Amino acid sequence: MTQRILYIATLIGLFATFSLNAQETQPNEKNAEKIRGSRFIPYPNYPGSSFLNSKFLLGEIEFTDGSKVSRVGINYGTYRDELIYYNTTISTQIVIDKSSLKGFSFTDKNGDKRIFRRQFFNGYFHDDCFFEVLSDGKISLLAYRKVSLEACDTYNSKSGMAFTPAYSYYLYESGKGYIPVNCSRNSLLSKFSKPNIKLIKKTLRKNGVFISDETSFVNAWNLIAELNVEPVFN
Amino acid sequence: MRKIIIIWLLFAAFGGKAQEKEHLNLFTDRDCYTTGETILFNVIVPEKEHSGILEVILFNTSGKIITKVNKLVTDHHAAGYLYLPDSLKTGTYLIGTTNGVNPNTTVKEIFATNRFTGLSETTAFLKAKEIFPLAKKPINTLQIDGINAVYHVREHVQAQLRLSPELLAQIIGPLFVTVSEVNPGYNSQLFLMNTGNGRNSPEGNDGIILEGMARDLMTGVPLNNGCIILSIPDSIPTLDYFMTGEDGRFRFQIRNHFGKVPVVVQGYDILKKQLIKINLFHSDSLVRATPAFGATQIPAEMQKGIEKGIEATTLSKIFNRQELNIDNPLTNKRQDYPFYGAPTETIHPNLFIDLPNFTEITRELMIGVKFRAYNRIPTLQMMNPVTRNYFNDQPLVTLDGIPVRDLNVIKSMGSKEIRKIDIVRKERYYGDLGFSGVVGIYSVKPDYKGLAESDDLIKLDLETIQPEVSLVAPQSQKSNDPDLRKVLYWAPAIKPGESVNLDFLTSDILGTFKLTLGGKTTDGTIIGFEQTFEVK
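Residue numbers (this note's numbering), protein chains in the order written: chain A, 162 to 395; chain B, 379 to 914.
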């Protein structure tokens with residue numbers, strides 16, 4: 162008898178838990194966060210990729226007021242430096258207002274989480290840009306994934322134009338600004354004062370880091386960041 | 379079997395105990411008021427309830443709501459004011475507070491005297507019967523330095539409250555201190571009233587909730603797939619929409635708005651098959667929850683205090699003295715442009731020759747926008763700069779930020795009525811709503827008279843979050859104007875420390891004043907300390 166009562170009590174408890182959960186207000190997808198933007202105007206059709214990814218990937222968008230929208234299909238338009246999302250309800254590609262965004266993130270096909278941040282760039286163009294955060298810290302390593310439409314050999318494109326990656330990398334510290342840096346050992350070393358260069362060279366050598374591509378460049382920067390040596394901001 | 383019953387009983391007992399302390403605590407500056415004055419209140423929210431919005435309601439003993447305000451809870455604490463209108467009759471009133479999460483409303487009795495009729499309307503005050511009174515635990519380990527038994531008018535008082543380390547360790551959240559006049563013959567009660575409105579979720583309740591229902595106008599059946607639009611006209615207007623489900627209900631949460639704001643709620647059927655009627659839910663009565671009351675004769679001592687209070691309030695009104703400073707906060711909007719996007723161009727018609735109507739304005743000033751009013755059916759078209767053709771659909775037209783579906787509203791508007799026109803020559807999206815371009819008209823007199831109330835359009839002035847207030851400090855000790863402050867000091871949120879310094883000036887009002895300190899301990903107990911002094 163006692164066993165039976167125990168079973169019944171457990172069942173009642175379980176039912177109560179489920180019914181309580183059911184009563185919680187379910188987020189109505191139709192009335193979720195309202196994203197503001199304009200219809201996406203397709204890019205000109207030339208060889209090369211004008212998007213960061215070949216298809217829309219599920220990601221998270223963070224707005225300047227702190228609100229977030231997750232699991233939304235997004236793609237970064239590298240040609241016009243804009244974030245495009247696919248609204249499944251109205252089947253439309255929409256360019257989200259850049260000024261309303263703080264940043265966005267998604268997991269790429271390799272399973273790597275890519276984080277982008279909107280920042281004001283006061284370099285040769287004064288505008289808000291989406292920078293990919295390659296390494297975050299007091300000094301961040303950022304990449305500006307810009308694609309340019311440039312004249313090319315007619316062997317590659319009949320029209321003589323193609324989308325060409327024109328990525329640029331920056332060391333950024335809030336309040337100090339940006340230092341442009343190339344994805345190479347010499348360029349990275351040149352951003353430090355002479356006494357620090359020796360220490361950095363030694364650290365890279367000890368850890369067997371040879372800068373040949375973006376991954377090794379990021380690894381090298383992460384090692385330098387641990388040394389607590391600061392680059393020279395002009 | 380016996381063991382199980384004992385365990386169940388123990389759980390029930392502990393559950394009951396826990397619930398006792400889980401209510402809002404309400405404090406007011408005084409217990410007796412005169413109409414035309416403001417009630418200063420302080421609310422402490424239980425630790426387990428998330429910060430959000432709470433409602434403070436003034437209602438009568440029959441349960442009829444007179445006025446209410448919404449306050450933003452910060453650090454489990456909120457402070458604000460309620461205005462006592464001169465239309466109130468002399469008698470007992472109740473102030474209640476609820477946050478929509480807790481099913482109980484914490485209620486405090488107050489006595490208000492009409493400053494024109496005085497005590498001629500009643501000779502008794504009411505006391506609630508059969509209630510669960512809430513009490514605060516007195517602080518015994520508090521030391522107070524510098525408070526004398528008697529003060530003169532306009533005397534500078536400097537005092538220090540010393541809190542023992544043991545007491546400090548127990549206190550959680552801010553403390554509040556009030557020094558105000560007391561009416562010795564009246565003691566109000568604080569009690570709980572089960573209003574059963576714990577419907578809001580503890581999380582995400584950081585805005586004013588506006589709920590309602592959309593129905594088919596002909597059949598009265600709840601409208602599925604209705605689009606309900608809420609607009610708050612402003613220099614940067616706000617817009618929100620809600621797509622109704624099968625139950626026809628809609629719910630908006632209005633954030634980042636302070637004070638009284640004009641709100642327009644309108645709806646339409648997306649499929650354009652049905653005419654709709656929208657209703658807003660609102661309650662102006664707490665009749666079912668209000669307890670029974672018993673009358674008590676007003677003692678002579680209290681009568682004397684009330685008569686003195688009426689005189690002071692009337693004189694204070696004559697001298698038009700400002701009691702409170704209202705700090706309107708700067709709202710953090712997501713972006714500094716309207717919901718329809720940054721305008722492609724903005725036209726100021728008053729800079730040009732006077733144009734009599736909107737057709738002329740579009741012809742002369744708005745390139746690529748065609749407004750025609752043939753056969754009394756106005757139409758508006760906008761050129762799409764991408765396709766270099768007109769958009770298939772009519773652009774969104776807003777008047778002071780309120781979407782306008784009947785273009786007859788704007789057709790007679792000329793240069794003299796329009797301050798500016800924003801044009802967005804893009805296909806814009808706001809959530810799932812798409813607009814084939816936008817024409818945003820801003821009128822010289824934004825009174826929205828052109829928008830007539832109907833079954834599918836409701837206009838209202840909504841009391842949103844009350845801004846923070848502070849007590850106005852007296853001008854000068856030697857001022858020739860009478861100083862008729864009944865509240866000498868009001869600090870609703872003081873950071874607890876070993877000592878709390880008080881610095882205030884007594885007013886021209888003679889009588890008994892009370893210093894009250896209150897706060898909350900880690901176990902949820904409300905603690906309080908009181909000391910009275912005379913001003914002669």
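Worth double-checking, as some hints may not be accurate.
[Stated by the list, open to error] As a list, the in silico DSBU-like pairs of lysine-lysine whose alpha-carbon atoms are at most 35 Å apart:
1. A:K259 / B:K837
2. A:K229 / B:K686
3. B:K655 / A:K263
4. B:K651 / A:K195
5. A:K195 / B:K827
6. A:K229 / B:K914
7. B:K686 / A:K259
8. B:K873 / A:K195
9. B:K827 / A:K263
10. B:K837 / A:K229
Calculated directly from the structure, the hints in this document are not laboratory data. Please read all numbers here as calculations on a predicted model, not as lab measurements.
Results of checking the hints against the structure:
no.: 1; hint: A:K259 / B:K837; verdict: 33 Å, holds
no.: 2; hint: A:K229 / B:K686; verdict: 57 Å, violated
no.: 3; hint: B:K655 / A:K263; verdict: 39 Å, violated
no.: 4; hint: B:K651 / A:K195; verdict: 26 Å, holds
no.: 5; hint: A:K195 / B:K827; verdict: 29 Å, holds
no.: 6; hint: A:K229 / B:K914; verdict: 60 Å, violated
no.: 7; hint: B:K686 / A:K259; verdict: 62 Å, violated
no.: 8; hint: B:K873 / A:K195; verdict: 39 Å, violated
no.: 9; hint: B:K827 / A:K263; verdict: 39 Å, violated
no.: 10; hint: B:K837 / A:K229; verdict: 31 Å, holds
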